[in-house]
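Undergrad: Chain by chain, the residues run as shown.
2 protein chains.
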Amino acid sequence: MGLIVQKFGGSSVANAERVMNVAKIVTDTYKQGNDVVVVVSAQGDTTDDLIAKAKEINTNATKREMDMLLASGEQISIALLAMAIQSLGFPVISLLGWQAGFSTNSVYSAARIKKVNTDRLKMELGNKKIVVVAGFQGLNDKEDITTLGRGGSDTSAVAIACALQADKCQIFTDVDGVYTADPRKVKNAKKLSEITYDEMLELATLGAQVLNNRSVEMAKKYNIALEVISSLNPIPGTIVKEVAKMEKMLVRGVTKDTDVARISIVGLTDVPGIAFKIFSKLAANNINVDIILQSVGRNNTKDIAFTVSKDNAPVAIEALRALPFVDEDLPIECDTDVAKVSVVGAGMETHPGTAS
Amino acid sequence: MGLIVQKFGGSSVANAERVMNVAKIVTDTYKQGNDVVVVVSAQGDTTDDLIAKAKEINTNATKREMDMLLASGEQISIALLAMAIQSLGFPVISLLGWQAGFSTNSVYSAARIKKVNTDRLKMELGNKKIVVVAGFQGLNDKEDITTLGRGGSDTSAVAIACALQADKCQIFTDVDGVYTADPRKVKNAKKLSEITYDEMLELATLGAQVLNNRSVEMAKKYNIALEVISSLNPIPGTIVKEVAKMEKMLVRGVTKDTDVARISIVGLTDVPGIAFKIFSKLAANNINVDIILQSVGRNNTKDIAFTVSKDNAPVAIEALRALPFVDEDLPIECDTDVAKVSVVGAGMETHPGTAS
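Heads up: the protein sequence lines correspond to chains A and B, in order.
Mapping to my numbering: the first sequence position 190 is 200, numbers consecutive.
Mapping to my numbering: the second sequence position 42 is 52, numbers consecutive.
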């Protein structure tokens, strides 16, 4: 018995049957004597459909109006889920982001949560209601609707769990936990029963799409245990918490990122400060540089190679060409047929030989 | 130049092309130097689609959750219309019912407006913005979303016009004004250029579906001129106001209502108070009785006939049969193959011979 926050993504509520399935999971949790807050995303393709409708009218609409449009998606799913829970005979109420107390800053489409005022949530839980909350959305100081951007519903769920000091925050998805590698690609990938916040953060940063970073960081800060669990397969998922059992595993996971372009400048004259000038120029163009490799070349020259995301590559090359010390005939190579493979695990630091 | 409130129904914003058409009408009005508030309904079949989604999950959902669900429809259309207006290069902001200041009572799905707090509306108009408001919706004292029921967006538009003391409230529809009869059925029906509030009220009560009663009553109370006008055909519509030109017309319109059942009780023993008992019984069963006809029969009996709506007829007959003075073999006839035809016009009272 305790307070449990459950989050269901868009595919988990994609149609009437799935919504009923979620209602079953939620009410089972409630029947066990728990207080339950449920956070849901927009149904299946709703968000994409709404974006398509907008593009038909204006490809350059303000983000304020996009947020107004997109926030309707979660409004539909919370109402439908509340109706499904009612049909099973349980007390329930749906709340929009602002009704659930989400105050955000005014960065439309990528707002940050400033505060969750829990008065209404506590009142409804006090009335023994299952509370269904629209994820992904909040209200800024102007009383305008904002959305939290990618992975926003995860963030909403964790924020509520933190604000209410919930006993657990369960993130239901279409996978049944966190794996050592993508199980669709690696046959003998192993599901982890536990993982630390830091390991999860590294996996998320490196491209694992199970949980987004903001929600893991927030859960770490407030020490809220997260569980990544399947909405379709009722088996225990993966618990993300401060200290995880080591399970004698040095490597927690392997991820790959294919959105990588490697840019190489070969044969730069090696003057002190030249690398600083190059990376400052890229920073001025808002380009994130990931891996950097420098090597000494012949005749007092050096080669500098680095990776950026694919869509940043043309801008990066243009910026480099504009540098005064980059001669017109200096070769700048760009290779987009590369990927970054990352191996994650606390054991990597302490156990020699893991890399091999 | 002045303040104009324009209302567009669901068919006027049914798709991207229609939304752009509305944006054109609105911005043309704005370009003429007017302040403009636009009230819109949900797009085309959105409301019906949402109701169908709900029914798939729960045929008996609470009205609170239905209102939460349905209010998303106008949220989509205000955002899209604002985007369309942006694409034409005009300053605009969309507001949900509660953002536009609509306070209502708590009768979900048929809420009454208690107040329109105009602070935000005035602020946005002061910033020279076109303000796009979600019709049909408001917020109750519990800070829950409510909807206004049938014709709700008309009511929203007129309420804003009243609260802001607008110069005119234009109701755009798919007809180009108020006609003396349904132009789809009566070939030589004539469009009225003006009509009084009272005449419009009678026409609306009697089944003309151009404007709903609540909005006409409100406009009458605050003396706001209404214009019923086509969103597709740019010609002057019909003005509804306190005193209309008489145009030497005795009859303003003819309407018919086919949702009528005539119930007749033949040969009741004529005891004083028997009619009172019959209509009290019907009232106790929440049945609205419209036209009543009593006639004296033979042998100290009388016949009572009245009309009710078709779906009320079975309940009405059952209620009558339960009366102690209605013998089992007393004939109660029910005829559903009837219609009510109404002739409306201020001239009816004063000009003898109009009926003929």
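A couple of the hints might just be wrong.
A pair counts as met if it fits within one copy or between any two copies, since identical chains are not told apart.
Said to hold, decoys possible - Using 20 angstroms as the maximum straight-line C-alpha spacing, the simulated SDA-like pairs for lysine to any residue come out as follows:
1) K125 to E153
2) K73 to F100
3) K287 to L60
4) K195 to G136
5) K152 to V126
6) K152 to M133
7) K251 to E227
8) K125 to N296
9) K287 to C172
10) K65 to G54
By construction, these hints were calculated from the structure, which means they are not laboratory data.
Undergrad: Indicate, hint by hint, whether the structure satisfies it.
TA: Hints and how they fare:
no., hint, result
1, K125 to E153, "both (14 angstroms within a copy, 19 angstroms between copies)"
2, K73 to F100, "between (38 angstroms within a copy, 16 angstroms between copies)"
3, K287 to L60, "neither (43 angstroms within a copy, 57 angstroms between copies)"
4, K195 to G136, "neither (46 angstroms within a copy, 58 angstroms between copies)"
5, K152 to V126, "both (16 angstroms within a copy, 18 angstroms between copies)"
6, K152 to M133, "between (25 angstroms within a copy, 12 angstroms between copies)"
7, K251 to E227, "within (11 angstroms within a copy, 62 angstroms between copies)"
8, K125 to N296, "neither (29 angstroms within a copy, 49 angstroms between copies)"
9, K287 to C172, "neither (43 angstroms within a copy, 64 angstroms between copies)"
10, K65 to G54, "both (19 angstroms within a copy, 19 angstroms between copies)"
Consistency note: the structure conflicts with the earlier hints numbered 3, 4, 8, 9.
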